[in-house]
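*Asks:* Here is how the chains run, residue by residue.
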Amino acid sequence: MALRTPLYHRHLALGARMVEFGGYDMPLQYSGIREEHLAVRHRAGLFDISHMGEVRFGGADAEANVQQLVTNDISRLDAAQALYSVMCNDDGGIVDDVVVARGLDGKHIIVTVNAATRSKDVAWMRDRVFGDANITDLSDEIALLAVQGPRAIDIVAQLTDADLDRLAPFHITGAMIAGIDDSRVSVISRTGYTGEDGVEISIDAGRAERLWDALLEAGAALGMVPAGLGARDTLRLEAGLRLYGQDMDETVDPYSAGLGWTVKLDKGDFIGGDALRRIKEAGPARTTIGLRLEGRNIARHGHDVLADGRRIGSVLSGTFSFTLGSGIAIALVDREAITGRTSVDVDIRGNTAPAVIVPTKFYRRATT
Amino acid sequence: MPDLSSYRFTSSHEWVATVDGVTRVGITDYAQAQLGDVIFLELPDVDTVLRSGDRFGVIESVKAASDLYAPVGGRVAKVNTALTDAPETVNSDPYGEGWMLQLSDVDESAAALLDEAAYTGLTEGH
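Order-wise, the sequence lines are chains A and B.
Read in my numbering, the first sequence has 9 at position 9, and its numbers run on one by one without any break.
Read in my numbering, the second sequence has 63 at position 63, and its numbers run on one by one without any break.
Honestly, the hints are just simulated from the structure, not real lab data.
Ideal Cβ positions, reconstructed from N, Cα and C, are used throughout, including at glycine.
A portion of the hints provided could be inaccurate.
[What the hints assert, rightly or not] Residues of chain B clear of chain A, computed beta-carbon distances all greater than 10 Å:
#: 1; residue: Gly36
#: 2; residue: Lys63
#: 3; residue: Pro87
#: 4; residue: Glu116
[What the hints assert, rightly or not] Chain A is faced by these chain B residues, among others (derived, beta-carbon under 10 Å):
#: 5; residue: Leu41
#: 6; residue: Glu42
#: 7; residue: Val46
#: 8; residue: Ser61
#: 9; residue: Ala64
#: 10; residue: Ala65
#: 11; residue: Tyr69
#: 12; residue: Ala82
#: 13; residue: Thr89
#: 14; residue: Gln102
#: 15; residue: Val106
#: 16; residue: Asp107
#: 17; residue: Glu108
[As the list claims (entries may be wrong)] Chain B side only, calculated, beta carbon under 8 Å to chain A, not exhaustive:
#: 18; residue: Val19
#: 19; residue: Leu43
#: 20; residue: Glu60
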């Protein structure tokens, strides 16, 4: 039986269509993917992302432990600051993609991991722990809600005294929200997975329903709607954000996955560092490209990518972009085979669909 | 809900109806709701001859691509070209403006069709 988030009964009450994802029964959609997608782009959407896992590292060697686990350089993080990274194995294959935050106290570290990989990740971390460090899996105690969209900050600001205007992207703040005084885990983070401005709020699981209700009420007048995993997927792909297990796994290194920017080879020893140095020097054999299809066809995971009729790779994620009005995809292809090319074809159930090679960030919000 | 007394249905969720001498084919309200937002339709050329049960096209939503099957045999007299630019019509009006094919030379001999009550029973069993 699938696990349930603390907001499961709220989703049922809202008439959500539920789907199993990462071991959890999650809302796929409420009013419809298109409507929810456009609401987030133009107004705001409220997501339950409590399936995500949170792992806390404490102790004097917390930072050193996380530093050896991930590819990015967390020594650069100030207190209450976060960054995106991947966690690799000794061969440079991606074990998971994570967000690492240094706690408000500047000492402990919180690593946010994917739901489907949580158990694997926690075992991986515990097998490699050293020195004065303790690892706590907080996932079942913490609910995570995301408010995303151009009106997200205005909505959340109604419920908290925290100065959200001064909360920079990839920073976190502890705050009382919706009258819920829960200083232990209640944290507002200016992060997201949609390409829009917004926040992710972690809160004690037992108070999640109270926060959900307060946010829905505060957001209603500003056009916010509850949004499910369907819209989350179309939004994240438009924004060029990756999905672990579909866009990358342990058979792919971050350079091939287009995530080489998360690898800081000069930070000192870390797991996978030697392999990644060799891959970078030799040049990865594969690369991840963005595709914009000419028609409304949808290229989907596993479809072949062709150049002059020859298979050169396959589609990782594909969907219809409601913002662009065309099919979009990201694909893992042979690097040499696309050098100098501006277009390829995708084999969609036997039909050859032409696609233009574009940056994987298909959508970039206008910043003011 | 439109009057569906002249509509008949397949277990694969297509409908066929002859209204004022014109036979049309589409998918059911249950099917469009299951698919979610329809993005793209691949429909046959005019004059294609279909036998009942033949795959006649593909419907894509954000979630999935599904095959479409002919509820009866016949010749494709028209395809609903309005769906090319507005595939979401299948969601908003599946039994009306969301029709997909118009058939001539209709052949029901090998068709396995359900009436409205039987089809409703089928979907409620899900």
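*Asks:* Could you run down the list of hints and mark each one as holding or not?
*Replies:* Going down the list of hints, with the structure as the test:
no.: 1; hint: Gly36; result: violated, 6 Å
no.: 2; hint: Lys63; result: violated, 7 Å
no.: 3; hint: Pro87; result: violated, 7 Å
no.: 4; hint: Glu116; result: holds, 24 Å
no.: 5; hint: Leu41; result: holds, 9 Å
no.: 6; hint: Glu42; result: holds, 8 Å
no.: 7; hint: Val46; result: violated, 19 Å
no.: 8; hint: Ser61; result: holds, 8 Å
no.: 9; hint: Ala64; result: holds, 9 Å
no.: 10; hint: Ala65; result: holds, 7 Å
no.: 11; hint: Tyr69; result: violated, 15 Å
no.: 12; hint: Ala82; result: violated, 14 Å
no.: 13; hint: Thr89; result: violated, 13 Å
no.: 14; hint: Gln102; result: violated, 22 Å
no.: 15; hint: Val106; result: violated, 28 Å
no.: 16; hint: Asp107; result: violated, 27 Å
no.: 17; hint: Glu108; result: violated, 29 Å
no.: 18; hint: Val19; result: violated, 29 Å
no.: 19; hint: Leu43; result: violated, 13 Å
no.: 20; hint: Glu60; result: holds, 5 Å
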